[in-house]
Structure formats: structure tokens, C-alpha cells
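Protein chains: 2
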Amino acid sequence: MTLVIIGLGAIGGSFAMSLMKKGYDRIIGVDIDKQTIELALNKGFIHEGTTLPDEVLAEADMILLTLYPGQIASFVQEHRNHFKPGAVLTDVTGVKTAIISNVEQILPDHVDFIFAHPMRGSEKKGIAGADESKFIQANALITPISINKEENIKKVEQLYTDAGFDTVTRVTPEQHDEQIAYVSQLMHVLSVSVVNSTQASDDTLLFAGNSFKELTRIADINESLWGELFLYNKDALLSSIEAFEAELNTFKQALQDEDDVSLKTFLINARNQRRDWY
Amino acid sequence: MTLVIIGLGAIGGSFAMSLMKKGYDRIIGVDIDKQTIELALNKGFIHEGTTLPDEVLAEADMILLTLYPGQIASFVQEHRNHFKPGAVLTDVTGVKTAIISNVEQILPDHVDFIFAHPMRGSEKKGIAGADESKFIQANALITPISINKEENIKKVEQLYTDAGFDTVTRVTPEQHDEQIAYVSQLMHVLSVSVVNSTQASDDTLLFAGNSFKELTRIADINESLWGELFLYNKDALLSSIEAFEAELNTFKQALQDEDDVSLKTFLINARNQRRDWY
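Heads up: the sequence lines are chains H and D, in that order.
Just so you know, we're using the UniProt record's numbering here: the first sequence kicks off at 1 and counts up by one.
Just so you know, we're using the UniProt record's numbering here: the second sequence kicks off at 1 and counts up by one.
Hints listed in this document are in silico derivations from the structure and should not be mistaken for laboratory results.
Computed from a predicted model, the values in this text were never measured in an experiment.
Check before you lean on any hint, since a few could be wrong.
List of simulated lysine-lysine pairs, DSS-like, C-alpha gap at most 27 Å [what the hints assert, rightly or not]:
| id | chain 1 | residue 1 | chain 2 | residue 2 |
| --- | --- | --- | --- | --- |
| 1 | H | K264 | D | K124 |
| 2 | D | K213 | H | K252 |
| 3 | H | K43 | H | K22 |
Far from chain D, some chain H residues (derived; all Cβ distances over 12 Å) [to be verified]:
| id | residue |
| --- | --- |
| 4 | G126 |
| 5 | A128 |
| 6 | K149 |
| 7 | E150 |
| 8 | V189 |
Cβ coordinates follow ideal geometry from the N, Cα and C atoms, glycine included.
Chain H extracted, bound-state conformation:
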């Protein structure tokens, strides 16, 4: 099985390292940066490497695209004549319905595209952020569409299991985007909004404890990637923000009214739900 990984950043590099460790016999890395390819070859993350995808795509049984959301459809479009018949393509982007819609319009009939989302972000950019243990105990989501062949979905599930993922779950693209808007995108929106508050100052850390440090960790954000992710999931994210605002308003009203009972009920409900989860 020949696996071609397009993009050797933190995610692509971690897949390469994890699958090399698992014993995959032919992993080819593609990156626009020549030094990244050399480093990956020298460190033994990949068997072969190139900056020119068309040289190797015809040999690929599986193509793992670890590109930004906006690059997926254009990559398929640009290289559509070089894919091997029966090849399985898969992506790692954190939004699904918009990407699927763009790719479906241009995907050649002789390949299959299984859309997936490895849920393990990275604070480090580039191959320096790659780690052979990155996906241990992580979760992945696969969002099958009607044109997907069951055998190809299973191949991608196997790829994730081989890379170390703990669970690989199938969900609809719509469910994926709604839930990710809530559990991931909203967290990032809250964090950056907290940090951008006019209350922020040089004195802030004099007063801050663990909760502030933790909640603002993800405000150290990659604006290009997340700007795209937010825009591609605009409707689901706006709905999620509005659902959050409704709760915030309930709290505010109870506080404004000094309604001790409503305030405590609100806190008790949150505590019980949090304890149910963790």
C-alpha cells in the first residue's frame, strides 16, 4: 500500500511518524518546502519525499491531504488527472459540509474521497510540531457521504486506528459541523473575546489564577486556519454563539434581579452536567 501525505506540517508529520512506527511499507511525503522534505527524510518520518505531487500521485493507493480547508478542492481540481483509478483520498479539516460541497462538484469518478477529522489540534506549526504519539487516545470523526464505498470508509478507519486513534466514529457532515461549532469553535471564540476585552491590561496577571490561564490558552490562535474554519462553518457557529448568548442572558438577568434561587439553579445545572460528562 502506497500512502502519499500531502503537507508535512504538525498533523501530516504526525501521521507520517505514527504510521512509519506502525510499519507501513511505503509512505511518500509531499510538501512545498524542500527543507521540510529533507528533514522528514533524514529523521526517517517518510520513505520518499518530493515537492512535486504529480510525480507520485499516480502510485498512491491512499492520499492523505493535510491542507487548509480552502486548499482541498483546489488541490483535487489541479491534480484530478494524476490520481490512480480506485485511489482513496481523505482530508483532515475541521469543517465538513462546505468542503464536501466544494469537492463533490469536481471529484473524478474513478477515485473516492472519505472526509474525516482527526480531533487533535496543535499549538506548534510545521513539522517541528510532529509527534509520533500525537494521536494516542485521540478521537477521530469520519463523515461518510452517499457516493463513498464501504470498503474505502473502512480503509480510512484503519488508517486512523493504525495512527493510534482511540475511537473513530461515523457521523453525518451536518452533525459534525453543528457539534464542532459548539465544542470547539465556540470555545475559541470565547477565549479570543475574553483576551480582547477592554478590561485586559498589563496588570491582568497580578489577579489571574489557573482558570484565566486555561481559558485563554487557545487564544494563542493560528488566524489563517481558524479564520477559514469559522467562515466555512458560519451558520452553525452563529447558531452556537446565539445558543450560548441565551444562557449568558439567563445568568445576567438572574444577577441583575439578585434572584438568588435562579442563580443557584443555573450553577447547579451546570455542575451536574459537567459531572455527567467527566
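Assemble the complex: chain H is given as a structure, and chain D must be docked to it using the hints.
The following block gives chain D in isolation, referenced to the frame of chain H:
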């Protein structure tokens, strides 16, 4: 020096353990729960213990009140005739102006009250949450008022240093409450509002990563304590929520308008501020 600690919960118990380790020669613990006193005595957290404060207050050079915000003024009122002349009282509550205002009206002239806030919360309630290392590298704030004697402020600063605190900073009560509304109370409000969202479900954890787990940690909240803290700091907290909402609205507007430049600028500003801090 005789130190009386009123309340042997996680905070009072940790002070007792830390100061015992430091070599304080007379630490008396007071708690309404007899078993707590027995446990603290058996484990060597305190030298003496009682459920009856009036028995020991007359001997106290310093009285550390680790009570809920609403109990501070009523404790002073109830026991005002038992304090030793020249005694220094101090509290640990997370709000200051409202508590100070209540205590100032009833404080006897022959004692001094130095208001303070050890910034190290606890997820564990009661003496089971006490830890002799709890305050290592933690920060404390002291909010002097005009009637305080400098020598007494210094005594409380020494108490905190002896308990292991890394920094002890003097701020005004108003500055304290405004900043705590932002860095601590707002974080808790956001966390509980996220957890109470109508988007929360049994499936949530299928999609959730580290950021969701971290951001919702503090939703496992003590509703009695935090209900009080929020109400006592109502005005500052409402202002802080409104300042946050202004930023959230800026983000929402940029997303709604698909204004890529404004969106990225918002994220870059947050990233730069977060990196300045940590």
C-alpha cells in the same frame, strides 16, 4: 503569637498545615464540625481545636476568617466583645468592597481588620481538600483601607509569605473587585453558560477535545459560594460581562459579514495579547 483560624475547610485547613510546617507555635482551629476538629488535631494540622470560638478569641493575636462572604460581618458582630485589644482580623473572600462596607459599620475600635484574598481556589470542599503545599507559588492580594495600621498590614503580608505565597500585592478594594470580575468571575460565568447550552447532549464528548474539557472544568462549581460571590460583586461583574459581550459582538459582526480582514485582525490581536501575558 496565637493564631486562631475560623473554619477548617480546604482554605483554612491549608493555612493551618502550611503555617504548622513553617513552625508557628500556637495555631488554634475553630470549626462548627466536631469531627473536623478531631481530624485536624489527630493529623497535627493544629495545636488546639474547639467548636466554640468565644473560648479562644480572647487569646488570639491574629484571627483568620475562612468563612463564606456573607458570614464575615455576622461573625464580627456576634463575637465583637470577645476580641483581644489589638487583635488583627483577616478574611479570605474573593470580593472586597461589599464585605468591607458591611464590616466597617460594626468593627470594634480596639481591633484592626486587614482584608485579603488568597488566589488559590479548591475543587475539593472541606478539610479533605487541605494541602500543606497548596499556596506554593500562588498569589495573594491585600486591599488596605484607611483605618488599617501599617504594622498590621505587614503582619498579614508575613502570614501569607509564611504560608508559602509567592507574591502578596496591595491593591485598592475597587481595583480588586473590577479585576476579579474579569479574570475569575467572568471565566466561571462563561464556563457554566457553555455547559448549560441547549447544544449540550449525551453525544457531546464524542466531539470534544482538550479545549472543551479545560474551559468547562470550572463549571463544576460550588453554587453556594459562587452565588454569593457573584451577588456581592454584581455591578463589577455585570460591567465585565458587558465588556466581553462587546468583543463577542465584534466577532459575530465580522463573521456575519464574512469580513475576512476584520476576523483575522481580531484573532491576531488576541494571540499577541495572550503571548504578551504568558
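Structure-based check of each hint:
Distance restraint check for K264(H) and K124(D): the Cα-Cα separation of roughly 19 Å lies within the 27 Å cut-off, and the hinted pair is therefore satisfied. A hinted pair counts as satisfied when its Cα atoms are at most 27 Å apart, and K213(D) with K252(H) qualifies at roughly 24 Å. Pair hint K43(H) plus K22(H) holds up; C-alpha atoms about 16 Å apart against a cutoff of 27 Å. Annotated as non-interface, G126(H) keeps its C-beta farther than 12 Å from every C-beta of chain D; the closest such distance is 16 Å.
With a least beta-carbon separation of about 17 Å from chain D, A128(H) lies farther than 12 Å from that chain, consistent with its non-interface assignment. For K149(H), the shortest C-beta to C-beta distance to chain D comes to about 24 Å, beyond the 12 Å cut-off, and the non-interface label holds. Every Cβ of chain D is farther than 12 Å from the Cβ of E150(H); the closest lies at roughly 21 Å, confirming the non-interface assignment. Not every CB of chain D lies more than 12 Å from the CB of V189(H), the least distance being 6 Å, so the non-interface label is violated.
Going down the numbered hints, you'll see the structure goes against just number 8.
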